[in-house]
Amino acid sequence: MNENTPPSEPPSGQGMDYSEIADVHEVHAAVQREKREPRVGREPLSIWLIAVYGLAVFFGGAYLGRFSGNFSGEALDPYGGEMPTMKKVTGPQGAQPEAELSPRDRGKKVFAANCQTCHQANGLGVAGQYPPLAGSEFTTGGSRRPAMIVLKGLTGPVKVKGQQFGSAVMQPWDKTLTDQKIADVLTYERSEWGNNASPVAAEQIAALRKELADHPNSFTEPEILAAPDEDLAGGASAGGAPPKPGEAAKPGEPPKPHG
Amino acid sequence: MNATGIPLKEPAISAAAGDTEQFERALIDASTRVPVLIFYTSAVAWLILGTLLAGFVSFKLHTPDLLSDISFLTWGRVRPVHMNVMVYGWASMAGMGTAIWLMARLCRTVLRYPLLLVAGAGFWNLGVFLGVCGILLGDSTGYQWLEFPSYAAVILFVAYTLVASWAVLMFRFRRGEQIYITQWYLLGAFLWFPWVYAAGQLMLFVVPVQGVLQAAVGWWYANNLLFLWFGAIGLGTAYYMIPKVIGRPVYSYHLATIGFWSYALFSSWTGMQRLVDGPFPAWMVTASIAATILTLIPVATVGLNHHMTMQGYFPLMRYSPTLRFTVFGAMSYTVFSLVGVLISLRSVARYVNFTQASIAYSHLGLYAFFTMVIFGSMYYIVPRLIGREWRYGSLIKLHFWASAYGIGLMTLMLLAGGLTQGTGMENPSLAFSESVESVLPYLRGRSLSGILLTVSHFIFAYHFGLMLFGLGRKSTVPTFLNPVEAEGAEVAH
Amino acid sequence: MKGLAPLFLGIFGTFAFSWVGLTVIPNWQIGHLNPQSDEEGTDIYPMPQSGMVTRGARIYAANGCNYCHSQQVRAEYSGADIERKWGDRRSAPRDYIFERPALLGKMRMGQDLANIGARAPKEEESPSPTGGASPAPQAAAASSGAVASAKAGSPPPSTAASPSPATSPAAAAAPSPGAIASKPPTSPGPPSSPPSKSPATTAAGGTSPAAAPSPPSAGPPWPEQTAGLPPMYSAAWHHVHLYSPRSINLDSNMPSYRFLYRARRISAGRSSDALRLTGSDVPPEGWEIVPTFDARCLVAYMMALNQSHPLKDVRSAGAPAAALPAASPSPGGQPAK
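Chains as they are written, first to last, in our numbering: chain A, 1 to 259; chain B, 1001 to 1493; chain C, 2001 to 2337.
With the rest of the complex left out, here is chain A (with noise of 0.2 angstroms):
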């Protein structure tokens, strides 16, 4: 309110506090000119405020309700997931379809999961860094030189396909992966991509594994060459051989420990 200034105030504005001015030294002009301290008026709620406050209720009460895991303390997954106490119960079923997967398919989760990076999914690699699988001498020969390959590693140049590689070095896969695996993704490599080769079995591996135990370094081309172009020994039984009944059929049981 500028108008109660009151007629002590110097005519110009300019050039001086207030405070400075005798006349109003109890009252600041900043408190003369303010309006009345702040008070409520009476309106109504307005319908679409309430419309707003039912919309907010309902879609919060359903969120709550969807997703609350019943408020158990146990219950993490708010999407209604089996309960875990359930989970113990129906654990071999939920497992079925990691037992009934093929070697084949099995092994197709192991390359793109450890191989794929370099030797790519269509098995054709990189030119000049990583040589190809698909349609190679050494995957779809026989099975003792790609096994050793993956147990130990290669290291050094190598001709595959007639290509020369050299810059790569392949790391051993002995610490990393288990027999199983090993077989398995031998088995895919050795059909996929139009290769046409025998499947090798787990046992074919943990043999050659302890052949090789004493093998300190990756192998080198020469050292490949070296060995026999033959499958492993064993191999009649090769291929289907799942996984042991006991290996994925006991989700509940406690793990053993290890390591």
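None of these hints come from the bench; they were simulated from the model.
Keep in mind that the hints are not guaranteed to be accurate.
What the hints assert, rightly or not - Mimicking DSS-like on lysine-lysine, the simulated pairs with C-alpha atoms at most 27 angstroms apart in a straight line are:
(1) K1474(B) / K1397(B)
(2) K175(A) / K2122(C)
(3) K210(A) / K2122(C)
(4) K2312(C) / K2122(C)
(5) K1397(B) / K35(A)
(6) K175(A) / K210(A)
(7) K35(A) / K1474(B)
Said to hold, decoys possible - Rough simulated footprint, nothing fancy, chain B against chain A, three-plus residues with beta-carbon under 8 angstroms:
(8) 32-38
(9) 41-51
(10) 56-63
(11) 67-75
Claimed, not checked - From the structure, some residues in chain B lie toward chain A, with a derived Cβ separation under 7 angstroms:
(12) A1026
(13) P1243
(14) A1290
(15) L1294
(16) L1296
(17) F1480
No residue lacks a Cβ here, since even glycine has one placed at the ideal position from N, Cα and C.
Position chains B and C relative to chain A; hints supplied.
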């Protein structure tokens, strides 16, 4: 009141009554001068420190080698220092300063026991200072907003007890039957804070809860601090400043009641949505998400109440600094809540969880909403405390625009960056490092917005300093953002 | 509003509601979990932390690692954490019962660390996950024999500190780590290891790779070796990474933590825990960079972050039989929801 026409004149009050009221106000203002100015000055000092730290943190995030060899300047220590300086140094102290002034005004009594407040401010500063040193020296506890080591936390709590007991005492001396809306919020804030703080400290450090519950208590604390401490002070201040400056009653008492109680009820239940998909019972997270959705009730109510109060008076924002800052803050409260609902829904949270989007949310709440409201209140209160008008309208204008554009840009950058980062993280065929790299351009943009905010804060601190020491242009007419035209402008500031 | 009583009551009531609902009731529900074990009472998980790990957690928090790294694996229905191999199952409350502070994290400017210890080369894996094991940095250059050809450029002396199979705690505590080293040139005498180091190794149980079957492992998506550097995610690797993140990953956005390391003049031969640095980080001739006790605690803490042990509360992604060597916790292998 006639809701359609803009009243050009205040309803006539008798000259005698008006004089008494003015005299009373002047007395009250004078009594609050020392404590409130102590709080404000400390807050502005912390604001400048926090701003400098913010810039440092922001640049380090995309230039990791910047001064990283010095242990107390490593990113992981400077960042919590920045957050805590802003939360406890700037926002809490400025908020308390405003709250104290409002309490005295609304209780219509001169400020009693000022020594309680002076001691409180002193201890508070000491606590923040010790906490900052503690974090820099490697004593941080690692819980969001509770990083201060226990020796600092205890001092903060003592300081707080002094201030809160003052607030309760003041209530006993209040005059008048009615308790105005602002007082509900302020009383709530003063009573909620010690509970939140004590519960957080006790359940995390004294008798720590087990495992993941520590994280739950930590986020429950952080969110309640944001809503029940800062949010309550911010809303209470807006409920005072808007009707005060435009000289019109708050639109509806009923809306105010519903808004307050639904705010207290629902916003206190939020917090767990930050832990979405984590190792927690689903219901905890869902309850907080549902509560976040339900906070739309107070948002709509309070927003409508402010809007209807302001209706027809929006042009006044052209002149009044207080009104402009406060209305900006009140609008940001709506944006803040809507963003909060959006990013907490499970289907969205799976993308923005673990990204910069949650930083955007905190900044919206603490800066765009709370800090802007507090700036507005400081533009109103400081002239009344020291009997000087703000020196330059142009500085206030610059301050406003740098702040508004700065926080707007920051929020946009962080939200967009968070979304980019989240979608990259969600896609397992992309390397994880790509999701990090994709957000770096946005972080550079954020640093740019930080420069704007730094400019704005330095302008404000400079202006505040001029006021404090009585330097610069002197004037007895109020400082407006734009020259008031002769006719029609009815700005009381 | 008239009268203070309703206002006070309402303010207290609303907040008490929230306090009880979000902290007290959850504490009643999941606040007193015990470690799980099998029927015989063995195979306990999780195990209490060793002193070094606890100290490491505090250093982790004090330096704000949790502002960029989360420690929680989300379930399959949300996020790609499991597909990224950050874990083979979601995290559950029971995983954290000994964590204090529990640093779940809210930001991923760096990758998730819930299972960073499980990614260490097998020789370093602790006997039981989070089981108080703090693999000594001496056992850093793991499997050096097998990968020797892959690291032609590594500085020769440090590779010698190969893990001694079946290191007994007592032997590890003795400050002569190079005792069973395969290459004799490094034999750091007792004086070269600071006294604070001895507690470092006391808790480290030895693993004997010959006796135990190789632990379950999906092939990790990260390389096991990096040229010229220690095996990825080994303790030695963590030290190099903390000291100079961009020497390992050019695009890394992590600040370096050089203040956790100190340069020391080489007195009697290079010590086994000296960092194997490359490029411009190599210290001047006659000097070596060694971790402080804090750095060793921090790395011990990271090596103990391991949620790979199956938990009854949640389903493991691979198969319930994940504990058996043949089961493959590959991402696609989880049963349909």
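How the hints compare with the structure:
{"no.": "1", "hint": "K1474(B) / K1397(B)", "result": "holds (18 angstroms)"}
{"no.": "2", "hint": "K175(A) / K2122(C)", "result": "holds (8 angstroms)"}
{"no.": "3", "hint": "K210(A) / K2122(C)", "result": "holds (19 angstroms)"}
{"no.": "4", "hint": "K2312(C) / K2122(C)", "result": "holds (24 angstroms)"}
{"no.": "5", "hint": "K1397(B) / K35(A)", "result": "holds (23 angstroms)"}
{"no.": "6", "hint": "K175(A) / K210(A)", "result": "holds (13 angstroms)"}
{"no.": "7", "hint": "K35(A) / K1474(B)", "result": "holds (23 angstroms)"}
{"no.": "8", "hint": "32-38", "result": "holds (count 7)"}
{"no.": "9", "hint": "41-51", "result": "holds (count 7)"}
{"no.": "10", "hint": "56-63", "result": "holds (count 6)"}
{"no.": "11", "hint": "67-75", "result": "holds (count 9)"}
{"no.": "12", "hint": "A1026", "result": "holds (5 angstroms)"}
{"no.": "13", "hint": "P1243", "result": "holds (4 angstroms)"}
{"no.": "14", "hint": "A1290", "result": "holds (4 angstroms)"}
{"no.": "15", "hint": "L1294", "result": "holds (4 angstroms)"}
{"no.": "16", "hint": "L1296", "result": "holds (4 angstroms)"}
{"no.": "17", "hint": "F1480", "result": "violated (11 angstroms)"}
Going through the hint list in order, the structure does not satisfy hint 17, though it satisfies all others.
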